[in-house]
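There are 4 protein chains.
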Amino acid sequence: MVDIDLPVIAINFKTYPQATGEKAVLIAQSCERIAKEFDVSIVVAPQAPDLYRVSRAVDIPVFAQHMAPGDPGRFTGHVLGEALVESGCSGTLLNHSENRMQLADIEASIRKAEELHLYTIVCTNNPVVSVAAATMNPSAVAVEPPELIGTGISVSQAQPEIISGTVEQIRKVNEKTAILCGAGIGSGDDVESALKLGSQGVLLASAVAKADSPEEVLKDLIRPILK
Amino acid sequence: MVDIDLPVIAINFKTYPQATGEKAVLIAQSCERIAKEFDVSIVVAPQAPDLYRVSRAVDIPVFAQHMAPGDPGRFTGHVLGEALVESGCSGTLLNHSENRMQLADIEASIRKAEELHLYTIVCTNNPVVSVAAATMNPSAVAVEPPELIGTGISVSQAQPEIISGTVEQIRKVNEKTAILCGAGIGSGDDVESALKLGSQGVLLASAVAKADSPEEVLKDLIRPILK
Amino acid sequence: MVDIDLPVIAINFKTYPQATGEKAVLIAQSCERIAKEFDVSIVVAPQAPDLYRVSRAVDIPVFAQHMAPGDPGRFTGHVLGEALVESGCSGTLLNHSENRMQLADIEASIRKAEELHLYTIVCTNNPVVSVAAATMNPSAVAVEPPELIGTGISVSQAQPEIISGTVEQIRKVNEKTAILCGAGIGSGDDVESALKLGSQGVLLASAVAKADSPEEVLKDLIRPILK
Amino acid sequence: MVDIDLPVIAINFKTYPQATGEKAVLIAQSCERIAKEFDVSIVVAPQAPDLYRVSRAVDIPVFAQHMAPGDPGRFTGHVLGEALVESGCSGTLLNHSENRMQLADIEASIRKAEELHLYTIVCTNNPVVSVAAATMNPSAVAVEPPELIGTGISVSQAQPEIISGTVEQIRKVNEKTAILCGAGIGSGDDVESALKLGSQGVLLASAVAKADSPEEVLKDLIRPILK
Chain Y
1 MVDIDLPVIA
11 INFKTYPQAT
21 GEKAVLIAQS
31 CERIAKEFDV
41 SIVVAPQAPD
51 LYRVSRAVDI
61 PVFAQHMAPG
71 DPGRFTGHVL
81 GEALVESGCS
91 GTLLNHSENR
101 MQLADIEASI
111 RKAEELHLYT
121 IVCTNNPVVS
131 VAAATMNPSA
141 VAVEPPELIG
151 TGISVSQAQP
161 EIISGTVEQI
171 RKVNEKTAIL
181 CGAGIGSGDD
191 VESALKLGSQ
201 GVLLASAVAK
211 ADSPEEVLKD
221 LIRPILK
Chain V
1 MVDIDLPVIA
11 INFKTYPQAT
21 GEKAVLIAQS
31 CERIAKEFDV
41 SIVVAPQAPD
51 LYRVSRAVDI
61 PVFAQHMAPG
71 DPGRFTGHVL
81 GEALVESGCS
91 GTLLNHSENR
101 MQLADIEASI
111 RKAEELHLYT
121 IVCTNNPVVS
131 VAAATMNPSA
141 VAVEPPELIG
151 TGISVSQAQP
161 EIISGTVEQI
171 RKVNEKTAIL
181 CGAGIGSGDD
191 VESALKLGSQ
201 GVLLASAVAK
211 ADSPEEVLKD
221 LIRPILK
Chain F
1 MVDIDLPVIA
11 INFKTYPQAT
21 GEKAVLIAQS
31 CERIAKEFDV
41 SIVVAPQAPD
51 LYRVSRAVDI
61 PVFAQHMAPG
71 DPGRFTGHVL
81 GEALVESGCS
91 GTLLNHSENR
101 MQLADIEASI
111 RKAEELHLYT
121 IVCTNNPVVS
131 VAAATMNPSA
141 VAVEPPELIG
151 TGISVSQAQP
161 EIISGTVEQI
171 RKVNEKTAIL
181 CGAGIGSGDD
191 VESALKLGSQ
201 GVLLASAVAK
211 ADSPEEVLKD
221 LIRPILK
Chain Z
1 MVDIDLPVIA
11 INFKTYPQAT
21 GEKAVLIAQS
31 CERIAKEFDV
41 SIVVAPQAPD
51 LYRVSRAVDI
61 PVFAQHMAPG
71 DPGRFTGHVL
81 GEALVESGCS
91 GTLLNHSENR
101 MQLADIEASI
111 RKAEELHLYT
121 IVCTNNPVVS
131 VAAATMNPSA
141 VAVEPPELIG
151 TGISVSQAQP
161 EIISGTVEQI
171 RKVNEKTAIL
181 CGAGIGSGDD
191 VESALKLGSQ
201 GVLLASAVAK
211 ADSPEEVLKD
221 LIRPILK
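Residue numbers (my numbering), protein chains in the order written: chain Y, 1 to 227; chain V, 1 to 227; chain F, 1 to 227; chain Z, 1 to 227.
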């Protein structure tokens, strides 16, 4: 398994025009510069067609945004784990709110990722679903109340009990899975409250991927985790 | 719109291990050598994570295996047209039998591909569905009876009336859409009968993508279209 | 095939609380009273669990809101045509904007419905998709621009060119399929403009299914079609 | 919550022609006769269009085969909990292998069913997924290795460790959820081994729903649970 240092800041590039193609490489390089200069753990998740060019351009971990379950062979248009490995990926998001997966497929993808030594971050929408996901032993769970995604309202500040409750409930069944805090994260204050509530990192998208200056935003975000 | 010379041989790499990552590049280069040496039209369709590395390595058209409808922004894990363009793609398969799409999404993807000057090959399962697809003006329709896919039994030889009927019915409503013949194509004889039945090319997968020597298979396949 | 008199007013009960269970029976009985008193053609489409009790309570045609393709046997939780027949249905909506279907499944469902003598109304979102649907020979096509559904803004008045264009394009490829006008229909004026634009009826939902007095709304709706 | 006596025998009617429409009523009445004569707990799950006529005809619990998440309103063709209640249902299967659901939708359906006092049986494919399902507090989990469904090879006899392992793992996180054994159950011996392994019942389909004499099969099935 790829080892991701915690706390981690994971950046989902979604399909933002500002984070597609060569621009995905530029943002990833910004993330790499901040990660190296400040010795913090940053992961980037560009679109599938950009995985290879991004992973060749940077040394920080590159994640896919989705991975289909299944073994190589008769699938067309699906992104399987084997292709992620060949593209230099270290891991993948699973079950993002914009790409929900069937329960059995999440489990099958986690197992396949284990075999391939890929790190898995399973996105979830509330504490109960987070615990269910955690029992399947992904590398990490990222709690993202869907109603806050893209709002700029941070779950860690607006609904802290969702994070603290999730941490408490998950730890009863799983001591190892990392717990990330998603939805509305945009500032160092959001990250600080997320970590204080017991999470080991954050998953965010627009605040960095659509920023005029991603590096400025990142410098603010990492403030609470400077070593 | 990218112009694809007809007749065309389109190779779907699916998720075959023999056609993933660097091996996808090698097969694409074999296709390119045959295309150039014999001046024939060959298109390759590798997996999404391999599109960039393949399109940088060869000069023949590189297609995606699938393209989701929708405009850039809040999608995670979807492969949109804009990312295909940035990766050097010239077109995409749509609605493959292993990745069926909703009717409205097929139409939306065709329209988006037109805007982006991407060539579209819509896969269909019988003559009636082929006509429905053709009325939406994709660049091409590929008729593939699902029961023959991967069998090595060529639709052009086993069920010639499916091809001739499709050609006849489509031409009543659309004079321009190219008509390809899929499912079970493996030899020059299959290609020859497909062209005689009125199609303008073939879509195939395993015969080339899983071949010990793709170039030998390709040399046989192109025999009927040598100029 | 069940014969539905044209012009027709088709009422989709969706999952409105006001149109569920015994209340579905009451609304269907209101529709029946108006249909008989004024000798007009009205069709009702309640939820699957209500089909049997509604079809036993009224003599007007009862339609399902959806029908899955496939032959009886190993499916769980799908509503197949055979069960619709056993429940007294005369037809079904297909591909509603809230239940989009794959292209090949729409065609398979139309063919299965033909075998079972069920009437099919395929919902579509624009003129191009409507023509594609019409080439597959459903009993009817209902054009419903998704952005107008549930708005109370009638497509026949707000975007008349969508209806007239659809009628013109469909008639080039199919002379028989009935053409219905959906989205935002709420008054007799909306129905009148829909019929003047060349459609043979309307598909609507909330204006009747959520009405305090469905019969009053129906009396207004049928005004332009009184014989 | 409807209380279902344990051990329970749950019969999925799927879309078998032998268990559709009036024939669904006949099989349900056979189940009712055996349940009453021998004082055992039997549940029947007919297709959605048959729920009302079956629930009116018998006094044993009638379950749906599937329930979509979501509140009443703008859904077309979906079977929501409210309609199940109106049809006299006592519960529903969820996530059957022939109708897999997204993780978040399973949880939302369980919560909605709780509100409506409907019993939930979540189908799962292996021990890990069973534990994940159990943490979401459904009324019951039914473990069905997909490769055995419909084979006549009983999971309780062919792969006993799947049942005993599931029971052991689930009880670590949830003491209350009933655990059922599915896939290949066809005889009293299968039921006996299932109960000995720690399960509280069985979920089966073809052995009863396709039987020439369902009552004879049921008499054999209930042998190990006669009180």
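None of these hints come from the bench; they were simulated from the model.
In this text, a Cβ means the ideal position worked out from N, Cα and C, and glycines have one as well.
Heads up, some of the hints might be wrong.
Distance windows between CB atoms, simulated [claimed, not checked]:
#, chain 1, residue 1, chain 2, residue 2, range
1, F, Glu-215, Y, Asp-189, 55 to 65 Å
2, Y, Glu-168, F, Lys-219, 55 to 65 Å
3, Z, Pro-146, Y, Asn-99, 46 to 56 Å
4, F, Ser-213, Z, Lys-36, 43 to 53 Å
5, V, Glu-147, Z, Glu-147, 17 to 27 Å
6, F, Asp-71, Z, Leu-26, 53 to 63 Å
Stretch by stretch, here's where chain F covers chain V in the computed footprint (C-beta under 8 Å, at least three residues) [to be verified]:
#, segment
7, 129 to 135
8, 195 to 208
Q: Closer than 8 Å, Cβ to Cβ, for at least three residues: run that test on the segment 129 to 135 of chain V against chain F and report holds or violated.
A: holds (count 5)
Q: Indicate whether the distance between the beta carbons of Ser-213(F) and Lys-36(Z) respects the range 43 to 53 Å.
A: holds (46 Å)
Q) Should the hint that Glu-168(Y) and Lys-219(F) are 55 to 65 Å apart at their CB atoms be regarded as holding? A) holds (60 Å)
Q. Are 3 or more residues of the segment 195 to 208 of chain V near chain F, judged by a Cβ distance of less than 8 Å?
A. That given contact is violated, which follows from only 0 residues of the segment 195 to 208 of chain V lying within Cβ reach (below 8 Å) of chain F.
Q) Okay, Glu-147(V) versus Glu-147(Z) on CB: inside 17 to 27 Å? A) Once the Cβ atoms are compared, 23 Å apart, the range 17 to 27 Å for Glu-147(Z) and Glu-147(V) holds.
(Q) Assuming the hint says 53 to 63 Å, is it satisfied by the Cβ distance from Asp-71(F) to Leu-26(Z) or not? (A) Given a distance of about 21 Å, which is not inside 53 to 63 Å, the answer is violated.
Q) Holds or violated: 46 to 56 Å for the Cβ distance of Pro-146(Z) and Asn-99(Y)? A) violated (23 Å)
Q. Within 55 to 65 Å or not, the Cβ separation of Glu-215(F) and Asp-189(Y)?
A. holds (59 Å)
Hints 3, 6 and 8 from the list above are not met by this structure, while the remaining hints are.
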